[in-house]
Amino acid sequence: MVPIEIRDVTLVYDTPGGKVPGVKEIKLDIGASEFVCIVGPSGCGKSTLLNIIAGFLAPASGQILIDGKTVSGHGTDRGIVFQDFAQLFPWRTALGNVEFGLEMKGIAKQEREAIAREQLRLVKLEKFVSSYPHHLSGGMQQRVAIARALAYNPSVLLMDEPFAALDAMTRDDMQRLLADVWRETRKTVIYVTHNVAEAVYLADRVVVMTPHPGRVKTVVPIGLPRPREPLSVEFLDCQKELLRHLGHDTTETEN
Amino acid sequence: MSALTERGKSKRSLVRAIITLTAAAAFYEGISYSGLFPQVLLPTIQTIAVTLYSMLADGSMFEHAAYTLYRVLFGFSLAIIVGLPLGILMARFKHVENFFLPLVSALMPIPSFALVPLFMLWFGIGNLTTILIVLYAATFPMLFNTWSGVRAVNPLWLRAAGAMGADEQRLFWKVIIPGAAPFIITGMRQAFLRAWIAVVGAEMIAASDWGLGWVIFDSKEFLQTDVMMASIVVIGFIGFVFERLVFGSLERFTVLRWGMVRAAKG
Chain P
3 MVPIEIRDVT LVYDTPGGKV PGVKEIKLDI GASEFVCIVG PSGCGKSTLL NIIAGFLAPA
63 SGQILIDGKT VSGHGTDRGI VFQDFAQLFP WRTALGNVEF GLEMKGIAKQ EREAIAREQL
123 RLVKLEKFVS SYPHHLSGGM QQRVAIARAL AYNPSVLLMD EPFAALDAMT RDDMQRLLAD
183 VWRETRKTVI YVTHNVAEAV YLADRVVVMT PHPGRVKTVV PIGLPRPREP LSVEFLDCQK
243 ELLRHLGHDT TETEN
Chain A
3 MSALTERGKS KRSLVRAIIT LTAAAAFYEG ISYSGLFPQV LLPTIQTIAV TLYSMLADGS
63 MFEHAAYTLY RVLFGFSLAI IVGLPLGILM ARFKHVENFF LPLVSALMPI PSFALVPLFM
123 LWFGIGNLTT ILIVLYAATF PMLFNTWSGV RAVNPLWLRA AGAMGADEQR LFWKVIIPGA
183 APFIITGMRQ AFLRAWIAVV GAEMIAASDW GLGWVIFDSK EFLQTDVMMA SIVVIGFIGF
243 VFERLVFGSL ERFTVLRWGM VRAAKG
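Chains P and A supply the protein sequences, listed in that same order. Take 3 as the starting number for the first sequence in the numbering used here and just add one per residue. Take 3 as the starting number for the second sequence in the numbering used here and just add one per residue.
Keep in mind the hints are simulated off the structure, nothing from the lab. Using N, Cα and C, we set each Cβ at its ideal position, and we do this for glycine too. Errors might be hidden in some of the hints.
Said to hold, decoys possible - Heads up, incomplete: computed chain P residues facing chain A, CB under 8 Å, no partners named:
| hint | residue |
| --- | --- |
| 1 | 76 |
| 2 | 86 |
| 3 | 91 |
| 4 | 103 |
The following block holds chain P by itself, in its conformation from the complex (with noise of 0.2 Å):
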């Protein structure tokens, strides 16, 4: 719903061991209402590229600008999903989760009680309401976190591989519904993913990153037509491009 600008974001690692470059001079532009998806291999900085853009690493240079704002720390204006379940705070249920953001913003228990059902209608979870995390399954704690971190109406939907700790099966599921709910709402997603086929899934653009230091190598666009069908020819020619710029051998099947 907003744009996001993202000009020459650095950061560095203080380790033990000296310096460690986490992302260099990252520069990106992002459109209100688009879906990108940050792919790369492990290390290349892409978790703190969106941990920077959350506001809870602050970047050593440069800058992050959320609808012509400067980002300075998080805040309300986005929603955030990690990959682990365990986000969920285990004494509320789902409502209490997904309403959570709401209280902190100060609306009546009513309005708020009706607005987490609305979100968790959203994810298919309204017969769930009043379970806690626990007694639900890995996808069904995702959905949750979904709804809970687009309860409080924020413009933008940060996500680190929030389907990377499912089963495959429950992942396709995930990706559908996602697709749904990012249509219906028209957040700025931002999605970090290392699974190349969920990024042409899901982005109109994929943005490839590469390790030591963290740098954008190449911003792919995905124009197929939605909903995308993950077994026709040209999801697969997007999937051979993406990881041809990831250096893959694309002769060899990817699963």
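Please build the complex by placing chain A on the supplied structure of chain P, with the hints as guidance.
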């Protein structure tokens, strides 16, 4: 169906407990009747039961227990009021930890009984001294467990809550306290246990006329081992009730229900 098997399990565990207790009682009764020791020193269970019944019937046992409970609950509550916030502050703010940790480490190993004579000189005989001894005994387990619990709070919860706009105060009430709940409940259990042990000891020397500790110590003068035994039974019973019913229920309605701790298998 699962409720039935649950009930079946708890019934079986009750039967097992009864078997153990009956065997222990029979062993005791056997020694008491054997004449190995004078019966005045080792009264039979029958004698103890009669004494206990009469002390319950005339209300004196209730009064002793009430005094002891008043002291223990007063001191225990103060220990929570002191230990819980201090433990949280120590875990959240480095300078608070730097200041208090050496003090806590130095004071914690001192047995509360070692302070009873000193407290008697300072505060006299009676409720104040016993309550303060209880406070001393219960504060450290409360503080230490809370401190550990807050440090063990999943950083993802803090990140998620921060991203959703939680300020420090709401982070405290809505994330840190429930997030540290398994440790806090363990802290309360240990604190109560220590408090219960301390109160009986403190009453023996620093209380007068009432209290379960006092009545045990006083009975020594009159060789009333049956009164001593009856009081010990009551002490054990009250401790058991608190441990199982109060803290057990607290655990069942919170951290067990939330899946933050799991019941043992089998």
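Each hint tested on the structure:
1. 76: 5 Å, holds
2. 86: 6 Å, holds
3. 91: 6 Å, holds
4. 103: Since the shortest Cβ distance to chain A is 4 Å, the answer is holds.
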